[in-house]
Each structure stands twice: as C-alpha cells, then as structure tokens.
Amino acid sequence: MKIVGVCACTVGIAHTYIAQEKLEKAAEKAGYDIHLETQGTIGTQNELTPEDIADADIAILAIDVKIKGMDRFDKITKMTVPTDIAIKSPNKLMEKAAQVIKQRQNA
Amino acid sequence: MKSAFKNLRLKNHLLTAISYLIPVVCGAGFMIAIGMAFGGSSSADLTKSFSFWDALSTMGGAGLGVLPMIISTGIAFSIADKPGIAPGLVIGLAAQQIGAGFIGGLIGGFMAGWLVLAILKYVKLPTWANGLMPMLIVPFLASFIGCLIMIYIIGGPIGWLTTWLTHYLGTLNNSSKVFYGLMIGVLASVDYGGPINKTVFAFVLTMQASGVNEPITALILVNMATPLGFTAAYFIGKLFRKNIYNKVEVETIKTAFPMGIFEIVEGVLPIVLNDIVRCVVATGIGGAVGGAISMYFSANSKVPFGGLLAIPTMTKPMGFIIGLVANILVTGTALALLKKPVPVDEKEEEEDTSNEAELNMDDIQIS
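Same order as they appear, the protein sequences are chains A and B.
The opening position of the first sequence corresponds to residue 1 in my numbering, with each subsequent residue numbered one higher.
The opening position of the second sequence corresponds to residue 1001 in my numbering, with each subsequent residue numbered one higher.
Among the hints, erroneous ones may be present.
Claimed, not checked - Cross-link-like lysine-lysine pairs, in silico, BS3-like; alpha carbons within 27 Å at most:
#1 A:Lys75 / B:Lys1082
#2 B:Lys1006 / A:Lys92
#3 A:Lys68 / B:Lys1082
#4 B:Lys1006 / A:Lys88
#5 B:Lys1254 / A:Lys88
#6 B:Lys1302 / B:Lys1316
#7 B:Lys1082 / A:Lys78
#8 B:Lys1247 / A:Lys88
#9 A:Lys78 / B:Lys1006
#10 B:Lys1247 / A:Lys29
Keep in mind the hints are simulated off the structure, nothing from the lab.
Let the hints inform the model, and build the full structure from the sequences given.
Right, dumping it as structure tokens:
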C-alpha cells in the first residue's frame, strides 16, 4: 500500500514535523510506503511529485490550516484529520486508512 | 444544524489566518520590542528627524497596525482562495477605519470570503463577459458590499463593543483580575502553542489592540515560563537526585530553552508527547500561578511578542519578573515531582501502541 500526504499546523514549526514523524513511523511499522510533504512556516519541504500522488492508494492530510495544492489530490481518496489526531493515534490512523482503501476497492 | 455549522469550518479558517498573522507579529513585534527597549518612540515621523531606535519601533508599530487587515485577508483567502485576497484586504481596512479593529477584521474576513463564494456561485454572466468576472465583478462587488456592511451596519456596534470591553477590563477589581489571569494562564499553557493557545492569543491580541495590555502580558509570561519551567525541572529533579528526562529529552531541552527565552513554546513538544498527562497537569498549575500573578500586578507589555525583549517596554516589569519566576518554579517543581524517574542512559523505548487513543470519527473526514 502506498500513502502520500501533507502535514501542516498553525504555527508551522513543531506539530507539522512531529505529525510527519509519527505517521512515517506508524506506516513503516505497518509495512506501508509513505511520502509526506510538510508545509511549515519555512515553506514546502519534501514536496510530492504528481507521479507520487498518481501512484498512491490514499492521501492522508494531517492539516489544521488551508494548504497549498489541495487540487492535486482531487482524483484520489483523501483522509483529512487535525494534526493532533495524527500525533496521538498514528497507528489507528493507518488501520483506518487500510480499511477505507479496502472498502473503496470492494465498492 | 450541527453539521451545517461544522461545514462553515470557522476554526479552520481562523487558524489559517493566524498562521499568516504570527510571522508578522513576530517580525514586527521583535522590531518594536528592540526599538522601544533602547528608548525609541513607536510614533516617530520618518519624514522628519528620527533616531535608529525610533525607526525600528515605528516600523514595528506600523507592522502591528495592519494586523486587522492580515487577519481579514487570511480568513478570506482561506475561504475563497485567491479571489478572496483583494476584498479581504479592503474590508479589513474598512474595519480599521471605522474603529472596529481586530474583531472587525475577523468578522470582515469571513464576510469577504463568503461574499466572494456567493458571487462566484450566483452571478451568472453571458460568455462574452466572462473575462470581467475575476478582474471586475468579484473584487468590486465583494469589496463594495462588504465595506458597506462594515461601515454602515456592523462597524459601529463592534466599535462600541470594543470600547465597552476595554472599559470593563480597565475597571476590574483585583480578584477578577486574578481570575482572568488564571484562565489565560491555564488555557495558554495546556496545549503548547496548539489551537487553544492560538485562540487565546487572538483574544488577548484583540484586547491589546484596544489598549488593554495586561492580558497579552500574562500570555507572554506563560509562553516563556512553560519551556523555561521544563528546563528548571531538570535541575530541580537533580536536587532530589531524580532523573526525569532521557538522553533525547535532555537534548530537546537544550533547544527548547533559548526558544523559551523568546517566547516560543513549541520546543518542548517532543518531551510533552512522551508523557502528555503529567506534563499538562504541571504546566497548567504553573500557568495558572504565572497568569494570575501577572494580572494581579498589572504587568503591561506594550508589544504583543518578544519574550525577554518585551520586559523593557513594561511600566511594571517587577510584577512580570515575579510572576515569571514563580511560574517557572511551580512548573519545574511540579514536573520534577510528577514525572517518573528514568535511568540516565535509558535507550529510547519501543513505543507502546496498544493504548493509543481511539479515533473519533467526527475528527476524520474521508472524501
């Protein structure tokens, strides 16, 4: 399973990167591929390419604020959560993502 | 009804605007704080003679003066994307002109964003006139209608409300001041620069824009004391021969401390997340003490941001320093007492995922 996503919090110096780290760890543990872009106050880092997004099964958007390039994710399934959920329950979020993908595939 | 309210995503738009506001507050805030610390005046006429410190203070003050426009533009942009920017700016200016200040900017931003969305949805033009839509119809109609509403309908009442609030806060007796300080302290300290802290920030910034400096001073104090308290806890723990941080956390303290001096709380987050409940309890108690003391002594920073640099702008800096020391000691002692001891060379624990918080489906949006 391949996951892409964006992390962005209000101040853009801490929650953004902690959410990124937690999600990456959780994905690694579950054996998923993950690529997360961060949109902090310093700007966009680890930017997603259109190919990354086209190949992905789901996008996890851990965002408290409006992000740049939301339209990039128009064509794929999106899960949008506040950053603190990604920080508190990253593993449960991975389970949920897998469940959503399964449902979509069966539908 | 509840979902209709949720669909407005008020909080999301406000937080987006605050994310644009904060760098302005920091940049301009540091300038005015440094300038005023060296005796500069924030209302110098830069076309006439002025000192270097006057220039710094005045430019900082000018930057802070446009905050109602920034918040309005940010909200409008969050709601309506690029077409929201122009009307958001103009309506924010209208709010400022009519004396509706920060609250006016806030309401004006929502108005601007929704007006743009409504115009894009309901105004239908023949094909030949499509080019007029982005250049003329949207910016003109949204700014025009928004400014009319701001100036002739809501601006006046918001101005009165602000004046009343300023007057009310100015006449508070000591016990109510302590109560407000306590509330600000607790709310500002329990989520380490997260959404609650920023909402309180928006509120106290509004107060300051209306000339009431004490609430924001309490917030500055708590935002400094929280990370400094974490640092103090390390040493207080040592006094009890108790080691409360692991190696990684000690490294974190080394960066959190200088950030705390300049009022950036977020440095301690990695430590907090390892042990949320104990940390929140400790900083909440400390924040309550610090906020209450600051308000009791009416410590009054003239700048909205700056940490240590805010102190020289106060007419009652002693109250601030007493509150700061008290807050640091209380937070530090509480942490040192509450936190479990860890061996000095403990390896990073394998994270336990079994007791992770359940997901609340209200927080997750799937599309």
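Hints the structure fails to honour: The structure breaks none of the hints.
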